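Read off the chains here:
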Amino acid sequence: MNGRWWLIPLTLVVALMLVMVPLPDAAQPFRPDWVTLVVLYWCIALPQRFGLSLAWIAGVLLDVAHGTLLGQHALGVVLVAAFALREHQRLRVVPVTQQAVVVMLLLFGKQALVLWISGMVQRAPENLWLYFASPVLALVFWPIIFGLLRDLRRRYQVG
Amino acid sequence: MQPLFQQAAGPTLRLVLFVILSILLMIADHRYEHTEALRGVLSGAIAPLRYAVSAPADLLGWTSGHVTSRSDLLDRIDALEQQNLRLRARQQKLDTLKSENERLRVLLDSSAKRDDRVLVAELLSVDLDPYRQQVVLNKGTQAGVYRGQPIIDAYGIMGQVIHTGPLTSTALLISDPNHALPVQINRNGLRTIASGTGEPDRLELLYIPNSSDVRVGDEVVTSGLGGRFPPNYPVGKVVQVDRRPGAPFASVVAEPKAQLDRSREVLLVWPDNRHPAGGVAPADENLRGQQDSSGNEPEQRR
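Residue numbers (my numbering), protein chains in the order written: chain A, 1 to 159; chain B, 1 to 302.
Rather than coming from a laboratory, the hints here were simulated on the basis of the structure.
Nothing here was measured: the structure is a model prediction, and the numbers come from that model.
Ideal Cβ positions, reconstructed from N, Cα and C, are used throughout, including at glycine.
Since no wrong hints were added, every one of them can be taken at face value.
Taking CB as the label site, the calculated pair distances span: (1) 133(A) x 231(B): 42 to 50 Å; (2) 112(A) x 202(B): 27 to 35 Å; (3) 133(A) x 91(B): 47 to 55 Å; (4) 95(B) x 128(A): 48 to 56 Å; (5) 147(B) x 98(A): 44 to 52 Å; (6) 30(B) x 127(A): 18 to 26 Å; (7) 112(A) x 95(B): 56 to 64 Å; (8) 155(A) x 228(B): 50 to 58 Å.
Construct the entire structure; sequences and hints are all you get.
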């Protein structure tokens with residue numbers, strides 16, 4: 001039993017703040033899904049400590065921060081987190097670049113789900129395809145997140 | 001030491017549980033209004049984060065205000081004093097017109113209209129869902145903000161509050177594709193509906209017959225028919241009228257008067273039939289004093 005588990009919620013809070021940082025309108029669709037990326041890291045790195053409950057709470061907070069339907073992002077985050085939790089042993093042994101591809105596919109699915117729900121309850125945004133650029137950017141951001149959080153976890157012995 | 005290969009029965013059950021929970025929450029949030037309280041609590045919980053995220057942008061504005069050159073400031077003061085003078089001159093005329101109007105209304109036995117109460121709020125620099133046109137205000141239920149409250153800027157109607165938290169609230173702009181408000185053409189009183197398009201400089205005016213009298217340049221004001229927006233606030237100006245012989249209605253586009261993508265300060269309006277929580281309807285003079293003090297307070301702080 002280690003005392004540093006509270007660093008996990010702290011990283012999620014930082015990710016939530018990054019989600020809210022103002023960007024120019026043109027860059028809006030390219031904003032990486034920080035919260036889901038961080039959730040995926042903890043699912044792979046510490047599955048015995050980080051479960052679906054925390055992923056779901058992070059998703060609901062993401063909904064509140066975004067002003068979307070409550071449960072919309074929560075559903076997406078829980079689904080990708082469940083996949084990562086089940087496959088964490090396989091994901092740990094592959095190189096970071098291959099992890100990035102899997103993460104991109106997961107985020108792609110989540111984005112499709114979120115956009116689909118958005119389209120059901122209200123008018124879907126114009127130039128829809130642009131919003132799939134954000135998952136592709138995960139190819140770049142996953143190695144960075146992975147490196148940062150791994151260093152954090154090792155230095156402070158989180159878990 | 002944890003087992004190397006866990007049995008998967010537990011996790012699957014939990015996943016199904018969370019998926020059902022999410023779907024139920026979405027249905028409850030979409031169909032009913034019970035989740036508004038939950039959203040208020042959570043929004044209060046992340047309000048500090050919103051203020052923290054907004055702080056660098058505020059600091060930047062504050063710094064640029066402090067390093068502006070003296071001559072620029074003097075120029076600005078000059079311009080503002082001139083504008084103030086002009087507005088005061090118009091205000092004098094307005095005051096006489098208003099008292100005259102009230103006298104005439106008394107003669108006609110129709111109820112006199114009170115002033116709407118307003119409060120200045122600032123936008124927080126935080127980003128929301130990119131698919132919707134929303135803004136976050138730095139006033140919440142503690143300041144008496146309620147759901148459905150209209151917000152305006154110096155030029156016209158901006159939108160309405162859709163979610164409230166204790167310290168912040170979220171407003172939907174009139175340019176959002178899911179927003180529509182009842183309006184009328186100022187020149188002839190033709191009633192229509194202004195619906196957002198998702199672009200900050202275009203509103204569609206719906207259900208206007210091809211034969212109706214609408215011209216480019218017509219002023220569009222709120223009609224007050226929905227009971228949510230106070231009547232006779234400016235909304236926009238007609239910029240395009242396209243009469244299509246084959247279609248039942250003309251396609252009319254208006255440009256919003258409010259600076260939807262530029263305003264930093266907005267006014268929260270309490271239409272005269274609503275009063276902030278806890279307050280009883282004050283007499284006319286009290287109301288005006290209260291309005292002045294509450295309206296000026298944020299400006300003094302800056």
